[in-house]
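> These protein sequence lines are chains A and B, in that order.
For the first sequence, this note's numbering gives the first residue as 1, with consecutive numbering after it.
For the second sequence, this note's numbering gives the first residue as 1, with consecutive numbering after it.
None of these hints come from the bench; they were simulated from the model.
Incorrect hints may have been included.
Note that the list lumps identical chains together, so a pair holds whenever it fits in one copy or between two copies.
As the list claims (entries may be wrong) - Below 30 Å or equal to it, Euclidean Cα-Cα: the simulated DSSO-like pairs (lysine-lysine) are:
(1) Lys174 to Lys146
(2) Lys174 to Lys125
(3) Lys113 to Lys150
(4) Lys178 to Lys125
There are 2 protein chains.
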Amino acid sequence: MRDSAITSSRMTPELLRSGERSSEVVAFEAAIVEFFVEAADLLGVPKSVAAIYGVIFAAPQPVSFSEIEASLEISKGSISQGLRVLQEVGAIKEVSAASDRAELFVPDLELRKLALRFMEQRLAKHLTPGAERIGELKRAVPAANKVAAKELTRRLQSLQDWHTRVRQLLPVVKTFLKLTPG
Amino acid sequence: MRDSAITSSRMTPELLRSGERSSEVVAFEAAIVEFFVEAADLLGVPKSVAAIYGVIFAAPQPVSFSEIEASLEISKGSISQGLRVLQEVGAIKEVSAASDRAELFVPDLELRKLALRFMEQRLAKHLTPGAERIGELKRAVPAANKVAAKELTRRLQSLQDWHTRVRQLLPVVKTFLKLTPG
DNA sequence: AATACAGTTCAATTTATATTGAACTTAGGA
DNA sequence: TCCTAAGTTCAATATAAATTGAACTGTATT
Chain A
1 MRDSAITSSR MTPELLRSGE RSSEVVAFEA AIVEFFVEAA DLLGVPKSVA AIYGVIFAAP
61 QPVSFSEIEA SLEISKGSIS QGLRVLQEVG AIKEVSAASD RAELFVPDLE LRKLALRFME
121 QRLAKHLTPG AERIGELKRA VPAANKVAAK ELTRRLQSLQ DWHTRVRQLL PVVKTFLKLT
181 PG
Chain B
1 MRDSAITSSR MTPELLRSGE RSSEVVAFEA AIVEFFVEAA DLLGVPKSVA AIYGVIFAAP
61 QPVSFSEIEA SLEISKGSIS QGLRVLQEVG AIKEVSAASD RAELFVPDLE LRKLALRFME
121 QRLAKHLTPG AERIGELKRA VPAANKVAAK ELTRRLQSLQ DWHTRVRQLL PVVKTFLKLT
181 PG
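Given only the sequences and the hints, what does the whole structure look like? Please build it.
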């Protein structure tokens, strides 16, 4: 980063295509970018990626690579990687304009997909193997001391119960997120 | 870290109080520590902290500072800070033995408390202020272009809906986690 | 075929986070 | 009082993660 933080709107005139961007528009974009950057760590993505999503979200028309470059002070490398990540997780879609060779992007507003994918990745991935692991651990409880063995088994059971509950919760959450169209 | 990873069981004899630890016991502890260390990033805690919790969880009796020092190859500084963190979040409890001056710790198995605190911290913290923020953003939508304004408002509405749904989900999750005693 | 544009790749660098280690408390014997 | 054990603190260091930037790959345009 050349400055101290990722901020929006450098306003390099040569990159602002078709008409000017009023200060109102610029301020709006900056506010949206800020919103997503603040949510970045909650979602577990780097700030640069959140900022790119912000620019695309804030623009009523499809956004090109160079427009992102003009709005954010981050390198082409980061933009390229960031756009790829956002496409992979389904946060943005490419809308190819037949005429122009530039790739254009719009936000994919089906946040359900995003939310579900997020859960699968961060929870299910660890949760499923975990269940078996705890079973193994229960079998490995040292048996020498009866009282100690009982306590350890109790602890592992507690862990397993909790584990089960979280797994049961996942379908509930999924259903909930599907309730209204996103 | 002197080695390459946090591993359990150095077996320094002078620190193994009252009787030896069989290889069975040592292996069990190592397996538990490994389990928690692997879950560390899911829970958002450093590995050293997860490892300390593992040692305490794996021991049928209360565990002292020096026992942790003997089981894990991490510095006293990390142990001190790690124990403090674990106490703060309610993952372990101090059980002072009147006779000994050493502090002894046991795991707090009420994982509900932990889970709830985790949610409050990672979700509620960002979620509540977020709701107002989106409202502000809707008011700041540039009005110059009617079609564009409509689309941007639609996007923000979508974001707000999703936001609301997640907030409604929190009480459901809380209830669910309370169903069985932890 | 040369130039320019649009984007990619990845080693090098910066920034953020975790861990160490040595100096420092504090309290209980000798 | 002096010593030692038990922890704490925090600046220095090591490790991990994000970001840059320069060289590279294609693909139109002249």
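> All hints, please: hold or fail.
Cross-check of the supplied hints:
With identical chains, the CA atoms of Lys174 and Lys146 are never at most 30 Å apart, being 43 Å at best within one copy and 36 Å at best between copies. Taking the closest pair of Cα atoms, Lys174 and Lys125 come within 30 Å of each other both inside a single copy (16 Å) and across two copies (22 Å). Proximity of Lys113 to Lys150 under the C-alpha cut-off of 30 Å is restricted to the inter-copy arrangement: shortest distance 24 Å between copies versus 44 Å within a copy. Taking the closest pair of Cα atoms, Lys178 and Lys125 come within 30 Å of each other both inside a single copy (21 Å) and across two copies (24 Å).
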